[in-house]
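2 protein chains.
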Amino acid sequence: MSQAERPGIAPVALDGHGADGGVEAIAEGARIAAEAGVPVRVYGPSGTPTSPGVELVECDEWIANEEEPVVAVRAKSEASVVRAAADVAAGRASALVSAGSTGATMTAALFALKRIQGVHRPALAAQVPVPGGDGASVLFLDSGANSDVRPQHLVQFAFLGSSFSEAVLGVQRPRVALLSVGEEPKKGSAAVIEAHEALAEAEGLDFIGNVEGRDLLTGAADVVVTDGFTGNVTLKTLEGTARAVADAVRSASRSGPRAAAGGLLLRRALGGLRRELDPNEVGGAILLGLRGIAVVAHGSSSPTGIANAVLLADRAGRERAVDRTADLLSRSGATREALRESE
Amino acid sequence: MSQAERPGIAPVALDGHGADGGVEAIAEGARIAAEAGVPVRVYGPSGTPTSPGVELVECDEWIANEEEPVVAVRAKSEASVVRAAADVAAGRASALVSAGSTGATMTAALFALKRIQGVHRPALAAQVPVPGGDGASVLFLDSGANSDVRPQHLVQFAFLGSSFSEAVLGVQRPRVALLSVGEEPKKGSAAVIEAHEALAEAEGLDFIGNVEGRDLLTGAADVVVTDGFTGNVTLKTLEGTARAVADAVRSASRSGPRAAAGGLLLRRALGGLRRELDPNEVGGAILLGLRGIAVVAHGSSSPTGIANAVLLADRAGRERAVDRTADLLSRSGATREALRESE
Numbered sequence: 394m395s396q397a398e399r400p401g402i403a404p405v406a407l408d409g410h411g412a413d414g415g416v417e418a419i420a421e422g423a424r425i426a427a428e429a430g431v432p433v434r435v436y437g438p439s440g441t442p443t444s445p446g447v448e449l450v451e452c453d454e455w456i457a458n459e460e461e462p463v464v465a466v467r468a469k470s471e472a473s474v475v476r477a478a479a480d481v482a483a484g485r486a487s488a489l490v491s492a493g494s495t496g497a498t499m500t501a502a503l504f505a506l507k508r509i510q511g512v513h514r515p516a517l518a519a520q521v522p523v524p525g526g527d528g529a530s531v532l533f534l535d536s537g538a539n540s541d542v543r544p545q546h547l548v549q550f551a552f553l554g555s556s557f558s559e560a561v562l563g564v565q566r567p568r569v570a571l572l573s574v575g576e577e578p579k580k581g582s583a584a585v586i587e588a589h590e591a592l593a594e595a596e597g598l599d600f601i602g603n604v605e606g607r608d609l610l611t612g613a614a615d616v617v618v619t620d621g622f623t624g625n626v627t628l629k630t631l632e633g634t635a636r637a638v639a640d641a642v643r644s645a646s647r648s649g650p651r652a653a654a655g656g657l658l659l660r661r662a663l664g665g666l667r668r669e670l671d672p673n674e675v676g677g678a679i680l681l682g683l684r685g686i687a688v689v690a691h692g693s694s695s696p697t698g699i700a701n702a703v704l705l706a707d708r709a710g711r712e713r714a715v716d717r718t719a720d721l722l723s724r725s726g727a728t729r730e731a732l733r734e735s736e
Numbered sequence: 394m395s396q397a398e399r400p401g402i403a404p405v406a407l408d409g410h411g412a413d414g415g416v417e418a419i420a421e422g423a424r425i426a427a428e429a430g431v432p433v434r435v436y437g438p439s440g441t442p443t444s445p446g447v448e449l450v451e452c453d454e455w456i457a458n459e460e461e462p463v464v465a466v467r468a469k470s471e472a473s474v475v476r477a478a479a480d481v482a483a484g485r486a487s488a489l490v491s492a493g494s495t496g497a498t499m500t501a502a503l504f505a506l507k508r509i510q511g512v513h514r515p516a517l518a519a520q521v522p523v524p525g526g527d528g529a530s531v532l533f534l535d536s537g538a539n540s541d542v543r544p545q546h547l548v549q550f551a552f553l554g555s556s557f558s559e560a561v562l563g564v565q566r567p568r569v570a571l572l573s574v575g576e577e578p579k580k581g582s583a584a585v586i587e588a589h590e591a592l593a594e595a596e597g598l599d600f601i602g603n604v605e606g607r608d609l610l611t612g613a614a615d616v617v618v619t620d621g622f623t624g625n626v627t628l629k630t631l632e633g634t635a636r637a638v639a640d641a642v643r644s645a646s647r648s649g650p651r652a653a654a655g656g657l658l659l660r661r662a663l664g665g666l667r668r669e670l671d672p673n674e675v676g677g678a679i680l681l682g683l684r685g686i687a688v689v690a691h692g693s694s695s696p697t698g699i700a701n702a703v704l705l706a707d708r709a710g711r712e713r714a715v716d717r718t719a720d721l722l723s724r725s726g727a728t729r730e731a732l733r734e735s736e
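Top to bottom, those sequences are chains A and B. If you count by my numbering, then the first sequence holds residues 394 to 736, one letter each, in order. If you count by my numbering, then the second sequence holds residues 394 to 736, one letter each, in order.
Read the hints as simulated data drawn from the structure, not as lab findings. Careful, some of the hints might be misleading.
Same chains, same names: a pair is fine if it fits in one copy or spans any two.
Here are the simulated lysine-lysine pairs, DSBU-like style, with alpha carbons at most 30 Å apart [stated by the list, open to error]:
#1 K507 x K469
#2 K507 x K579
#3 K580 x K469
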């Protein structure tokens, strides 16, 4: 569907700063997304290239990785990610996408969009591709927003993930699992054991029990829940392994004439695997639990990665991910305690 | 050095039960180790094959994976791993090696060998190979003994790992890092942030700061410290990725005539990578912090894996790993608080 066929739709707000590939990668990603039918508004430096369906909001201030997110977001009201988030909150854009500082993106989104009523802590959900799974992926959360969690946070993450998986990723009755050190309910940290008990009794979601680190890539579950510390370490371990695979392929194809001959095949077959193992290729991590949509694209994203992040954000908006998440949460009772606390 | 050249040396006590490959894998692993000069005493069922340098202690009782470790170790004084641990404690064997239940091995070792004075919690240290690192490995702990830790436990793990790395693995002044979600000292869980502060001031070890999941395979540090929950999930994620690599290679080489032609090369180059990525190939995880040596070989270990575990245990004994660890710990002051607590 071209952009012309969707005249009234609000654009996705795309931060023009902070991508490793510079504003060129952003502009090219926006162009690809617009060509696929999603209008994009880029908050970038003057001179950022535009294309049909892509408009530019000139924005020279931005927040760098090194800056303390809360301090920077409060101080820099004209920073690109802050302005983009404000436009989403005001309804002038449908969703926020940034490949800049993860902390700044999460903070700007949280301040501007606010939490869904009853949500303790928003969580960052990454799509981890299942190798050989024909495009299937596991929704893995929290992948880095909350380093310390209580059991009830893990329970909410399960509901946030389940509703997003169903509403946006189109998984019917997603199988939800808790990441732990063994399948037995009593294995794991104290917080995980308590969350397991609560999830085993929870209604409105299909809890299949614990999975282990080795099950992440097998597609044993549609949604895998963990704390943001373990989640971040796990994803980066996967990423490091993907890189080790790529390096090994490169050096193998240089190891001799016979290897060089097989090198092309080697590179092609395993380049695909490397992409499949690299969670950053999918499009981005989604911040769940807010009253609006925010997607954190990886800073090293290619233009295709940026475009995928925009398409994901757009789809979340069209599928009413926020309303449907709020509905499921309130029906489940998983927010009851938080609501009591806030009374 | 053949066994005949080391007549007075105490054998390594090897649990004959619990390996996935059965007693045959154990017997073959023992034979390989003995041939390399390390005498082995196998605690296995009657009929277990022996070979020069390998003796059999007949032992038909054992502890299965499903059994609750503490209950089983207390109840089954004749179980193979319990008898093997008792012989190490009594000085009749130099070290304990088991490919059976990890929990039972840790429990039997803890009960029989006791903790080094001042050690809060023994930790399980795995050697993670560095791909392309010419046999280099990272000592990674805790890989699963303690799911919930306090900051002072992480600090002790750093000292336990550093002293083992230096004494047994021969690393001069090992670089010790803390696993976290970013390099900055203030990133991570509350426990990690507090441990970072203490380690930055600690004497007697070379603390290089935080590393991330993606740095695990690069050899950026010699010792990487984390809690047993994150450690277990991380190792199993690596293992799952290694398996995904192997599966992809297998299916790639079946994908067509051209791929089939390159298949042998593909399998050979990447079989090596798979082994390099699989922590189980190295020989086993060592339980650190006890007054004796215990090595947990992976249940799925090949005979070579079993033999490597025996050689590692033997080397730890010969290098006086326990005494040297105790020395470093007491000089470092990292045990002071624990000693105060126990007074």
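Go through the copies and call it for K580 and K469: within, between, both or neither, with a Cα cutoff of 30 Å.
-> This pair counts as between: shortest inter-copy Cα distance 23 Å, intra-copy 45 Å.
Between copies, within a copy, both or neither: which fits K507 and K579 at Cα up to 30 Å?
-> between (35 Å within a copy, 25 Å between copies)
Since the copies are identical, ignore which copy is meant and state whether K507 and K469 lie within 30 Å (CA to CA) inside a copy, between copies, both or neither.
-> within (18 Å within a copy, 57 Å between copies)
Against the hints set out earlier in the document, no violation occurs for any number.
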